[in-house]
Amino acid sequence: GSTGKIFKAANFNGTNSYSIDTNAALMPTSQVSIAMWVKMSGTSAYILSSQGNGSSAGYAFRAMSTPNFYLTLTSGIKHLYGINSITDSQWHHLVGTYDGSFVRLYVDGVQQGTGTAGTGTITYPVQWPYFSVGAYAGNNYPYTGQVDELAIWSSALTADEIKLIYDRQAVKYSGMILS
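Taking our numbering, the leading residue of the sequence shown gets 1, the next gets one more, and so forth.
Take the hints with a grain of salt, since some may be wrong.
Said to hold, decoys possible - Only pairs whose alpha carbons sit at most 30 Å apart, straight line, appear in this in silico DSBU-like list of lysine-lysine:
| hint | residue 1 | residue 2 |
| --- | --- | --- |
| 1 | K78 | K39 |
| 2 | K163 | K8 |
| 3 | K39 | K163 |
| 4 | K8 | K39 |
| 5 | K78 | K163 |
Hints in this document: simulated from the structure, not taken from any laboratory.
Generate the whole structure from the sequences, applying the supplied hints.
Dropping the structure here:
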């Protein structure tokens, strides 16, 4: 990888993506938090997806001009859209969470809107049993840009925890994080 927000980042050129077999660690069912730094240089692409089937995925981050985070729950697909553009070739911190009651999206440490009510477990289609970074379900809707510090939790991070992660990673000097 090349120089990233923190150390090294994965680069995606709009034709490559990275897929791995899913496992229980990548498929939480009751709560989830997905965080990453992105530096997008293209438009309208999937940054990551878990087990997509062409019409839904367990969870996914899509970027048009603004970020979109969605989950497929037993109560239906829940979409959240960001407010500000992330297609400015700058680093942005994205976090999507589900706590069993609400789906939330955070951009650069700030919650976007009030969240979307949702109940039930996260469901995963089986047609594409892979976790993909840089595209949706293989190499569909490919991403152009960089991804750094991708992390997945089987719990919902709080707004305070997300802000703390953002604040600690937002400032970088000579390869060291200032806190």
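Against the structure, the hints come out as follows:
1. K78 with K39: This hinted pair holds, its Cα atoms lying about 25 Å apart.
2. K163 with K8: Holds, at about 22 Å.
3. K39 with K163: 19 Å, holds
4. K8 with K39: 13 Å, holds
5. K78 with K163: 23 Å, holds
Of the numbered hints given earlier, the model fails none.
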